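Trainee: Residue-level listing of the chains:
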Amino acid sequence: MRWGMVVDLRKCVRCYACIAACRIEHFLPIDVSWPRLVAMETGGEHPTVSTYSVRCNQCHDAPCVEVCPTGATQLRDDGIVYVDQDKCVGCRYCVIACPYQNRTFVSKDKDKGFFPGKVQTDFEKAGKELYPHTHGTTEKCNFCLERIDAGLAKGLKPGIDREATPACVNTCPAQALTFGDLDDPDSEVSRLIRENQGFQLHPEYNTDPSVYFIDGKIGTSGEAPTARPEKEAALT
Amino acid sequence: MLSYTRQTEWIDRRGLILWIAFYTGGLGGGLYLVSVFFNSLWGMFISWLIIAVIKGGAHLLYLGKPQRFWRIVSRPQSSWLARGFIFVILFVIFGAVQLMISYWLPGTAAEVAFKVLTGISALAVAVYTGFVLNTVKAVPFWNSSLLPLLFVLCGVLGGFGISVIMALNGGNIDLAAAEAGSRWLLIANALLIAIYLWRAAKRETTGKQSVMEQIRGSNAPIFWMGIVIMGIIIPLVIAFTGYAVAELPSALLVFGVACEVVGGLALRYCVLKAGAYSPLVARAE
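For the record, the sequence lines run as chains Y and A.
If you read the first sequence in our numbering, its first letter stands for residue 1, the second for the next number, and so on.
If you read the second sequence in our numbering, its first letter stands for residue 1, the second for the next number, and so on.
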C-alpha cells in the first residue's frame with residue numbers, strides 16, 4: 001500500500017479551499033502553510049494560467065528522510081513521510097534538502113497569533129490543545145495521517161470515505177484532488193495517472209514523489225512552460 | 001517557485017550563525033593539522049578551543065531545540081550532519097586527552113597515538129561540512145565533489161595563517177615554513193575556486209545561475225572584494241613579496257593573515273548564499 005495524490009491542473013479553479021481546509025484541519029500558525037498554490041502563465045501572446053496546488057510529495061526516496069540526523073523524519077510503510085516533533089532538533093537540514101521546498105521551520109516569528117499582542121481567538125486556543133505546533137521544529141504536509149489512521153481503524157477506505165480522506169481532497173469543490181492507493185492498479189489515482197499521463201515534479205532527482213499532476217499540456221505536449229516570476233506575487 | 005529560489009535557512013537571519021560554525025570547523029581542523037606538523041602545543045590548544053567552543057557553541061545556538069542536541073548522533077548511516085557531530089565530539093575528547101598528555105607526558109607513545117586520532121578527527125571536522133552541502137542534490141551549485149576539498153584546503157590555509165601569527169609572537173613555529181605553506185596553499189586555493197566555479201557553471205542552468213550570482217549578481221561585491229582581492233590577491237602579493245624581500249614587517253604579515261581569514265569567511269558566505277533550487281514547476285521528461 002502506498003498512499004498518493006493526483007492533482008488535476010485542468011480542474012483547479014484557484015479557490016484556495018485546499019489551503020483553507022488544511023489550515024483549519026491542522027490549526028496552522030498564521031505564517032505557515034503546508035499546501036501552497038503556485039500560479040504561472042504559459043504560452044506567448046495569449047498566455048493561459050496554470051495553477052499548481054503543491055504540498056509535500058511524500059517521496060518514496062525522500063532526501064529529507066536521508067539527511068535527518070535524528071531520525072525525526074521517517075517514511076512509513078504506507079509511503080507517508082512524517083515528522084516526529086519530539087525528536088526534531090530544528091537543524092533545518094531537511095528544509096535545505098527538499099528539492100520541492102515543501103518544508104517549513106516553525107519559529108515564534110511565524111506563530112505570532114492571528115491578532116498579535118491581543119487575546120487569542122477561540123480557534124487558536126482550541127488549536128493549542130488539539131494540534132500543538134512546536135516552535136523550533138520542522139513541519140510539513142502529512143496527508144492528514146491522523147484521519148487516515150483513524151479511518152482505517154474504523155474499516156473505512158481513504159480516498160473513498162470522507163472521514164478517512166485528507167481534508168484538502170474532501171474540500172476541493174472542483175474535484176481536482178484525488179487520493180488513493182498508488183499500489184492498487186484499480187484505484188482511482190492509478191487510473192487517472194495511467195489514462196492522463198500523470199507526471200511527477202522533478203523526476204530527475206529520483207525521489208519518486210507520491211503526488212502526481214495531470215495537465216493537458218505539461219508532461220504530454222513536450223512544451224516547456226514559460227515562467228513569469230513577476231506575475232507570481234499577483235497570482236499566488 | 002517559478003524562478004530560481006535561493007536557500008535562506010542556512011545563511012539569512014539566524015543562518016549566519018551556521019556560516020560561522022562552518023567556517024570555524026574548517027579553520028579549527030586546519031589549524032590542528034598545521035600545529036601537529038609544527039608540534040605547536042599552543043596551536044593545538046587554540047584549534048581545540050575554536051572547535052569546542054566557537055563551532056560547537058554556534059551549532060547549538062542555531063538549533064531550534066538545542067536541548068535535544070544529543071539526538072543528532074542517531075543516524076550516522078545516512079546523514080552527514082550526524083557524522084559531523086560525531087567527528088566534533090571525537091575531536092573534542094581525543095584533543096582534550098592529547099593536550100593533557102602532551103603537557104604532562106610529552107614524548108610518550110600515548111601522545112603519538114592521540115595525536116593521530118585527534119588529527120584524523122580534525123581532518124574529518126574540516127571536511128564534513130563540504131559533504132553536508134554536496135549531498136544536497138536539490139542545489140546544483142553545491143552538488144560538487146570539489147566542495148569538501150575546497151573547504152579543507154581553505155581551512156588548512158587559515159591554519160597556516162594563524163601559525164604565522166603565532167610564529168611572530170614567539171610560538172614554537174618556523175616562520176619561513178609557515179609562510180611557504182601559506183604561499184603554496186594560496187595558489188592551490190585560487191586554482192580550486194576557479195575550477196569549482198567553472199564546473200558549477202556547467203551543472204544545469206541553476207548552477208550557472210548561482211555562478212552568475214557570484215560574479216555579477218548581488219553576491220559580486222563579497223565575491224570580488226572578499227574572496228578574490230582580500231582572500232587571494234592581497235595575501236599572495238604579501239607572500240611573494242616576503243619571498244623576494246626576505247623579511248617583511250610583522251604588521252604586514254598580520255594584515256595578510258587577516259585578509260586570508262576574511263577570504264575564508266567570504267568563501268563560505270558566498271557558497272551558502274548562492275545555493276539555489278531549480279524552479280519548482282518544470283517540464284516532466
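Calculated directly from the structure, the hints in this document are not laboratory data.
A quick note: this is a predicted structure, and the numbers were derived from the prediction, not measured.
Accuracy of the hints is not assured; some may be wrong.
[What the hints assert, rightly or not] With a straight-line Cα cutoff of 25 Å, these simulated PhoX-like cross-link-like pairs (lysine-lysine) come out:
id: 1; chain 1: A; residue 1: Lys202; chain 2: A; residue 2: Lys137
id: 2; chain 1: Y; residue 1: Lys125; chain 2: Y; residue 2: Lys108
id: 3; chain 1: A; residue 1: Lys65; chain 2: Y; residue 2: Lys112
id: 4; chain 1: Y; residue 1: Lys108; chain 2: Y; residue 2: Lys128
id: 5; chain 1: Y; residue 1: Lys108; chain 2: Y; residue 2: Lys87
id: 6; chain 1: Y; residue 1: Lys110; chain 2: Y; residue 2: Lys125
id: 7; chain 1: A; residue 1: Lys202; chain 2: Y; residue 2: Lys125
id: 8; chain 1: Y; residue 1: Lys87; chain 2: Y; residue 2: Lys128
id: 9; chain 1: Y; residue 1: Lys108; chain 2: A; residue 2: Lys65
id: 10; chain 1: A; residue 1: Lys202; chain 2: Y; residue 2: Lys128
id: 11; chain 1: A; residue 1: Lys208; chain 2: Y; residue 2: Lys87
id: 12; chain 1: Y; residue 1: Lys11; chain 2: Y; residue 2: Lys125
id: 13; chain 1: Y; residue 1: Lys112; chain 2: Y; residue 2: Lys128
id: 14; chain 1: A; residue 1: Lys208; chain 2: A; residue 2: Lys137
id: 15; chain 1: Y; residue 1: Lys110; chain 2: A; residue 2: Lys65
Trainee: Find the hints from earlier in the document that the structure breaks and name them by number, from lowest to highest.
Mentor: Failing hints, ascending: 7, 10, 11, 12.
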